[in-house]
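Peer 1: Sequence:
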Amino acid sequence: MMQRSNPTLNGGASTTAGSIFFDKREVSMNHVNLIGRISTKPRFYEHPSGRRVAQFTLVTQETYIDENEKSRVKKYWHRVAAWGRWVKVLEEFGDVNLQVALEGKLITRFYFRDGVKQFISEVEVNDLVVMS
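Quick note: the sequence shown, position 7, residue 6 per numbering that gives the first Met the number 0, numbers continuous.
It should be emphasised that the hints constitute simulated quantities derived from the structure, not laboratory data.
Don't be surprised by glycine CBs; every beta carbon is placed ideally from N, CA and C.
For each label pair, taking beta carbons as the anchor points, the in silico distance ranges come out as:
(1) H46 <-> S70: 40 to 46 Å
(2) R24 <-> L105: 17 to 23 Å
(3) H30 <-> N67: 31 to 37 Å
(4) M28 <-> R112: 28 to 34 Å
(5) T62 <-> R112: 33 to 39 Å
Straight line, CA to CA, 20 Å or less: simulated SDA-like cross-link-like pairs of lysine to any residue:
(6) K74 <-> E121
(7) K40 <-> E91
(8) K74 <-> S120
Go ahead and model the full structure; you've got the sequences and the hints to work with.
Peer 2: Here it is in structure tokens:
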């Protein structure tokens with residue numbers, strides 16, 4: 000017989016003999032890992048709060064075999080925002096074609112252009128490694 004534990008004690012998990020079950024209503028994750036090349040020169044801004052941000056586009060690619068057994072490459076472009084110490088790293092090293100690995104989360108924000116609300120999704124950097 001499965002016994003449910005108090006969700007406040009272990010983050011919503013319940014246990015039985017050797018198994019862990021999570022309450023689907025409480026499990027969520029926003030985590031992005033990318034390795035790619037900077038495809039646009041980073042732009043640096045000062046936010047109204049006084050914090051600085053670096054924005055750039057990262058291109059990643061994957062190779063696959065098509066229906067004719069030919070190798071193909073598909074590219075993806077990701078908007079990226081980096082805050083804090085990563086701004087200094089990107090000021091010093093950030094250039095087009097630099098390979099980086101980054102870890103972060105996907106965020107969506109909005110702004111108004113000509114009175115129309117515009118939405119942007121981008122990766123907000125938590126960690127960044129310069130690879131080449």
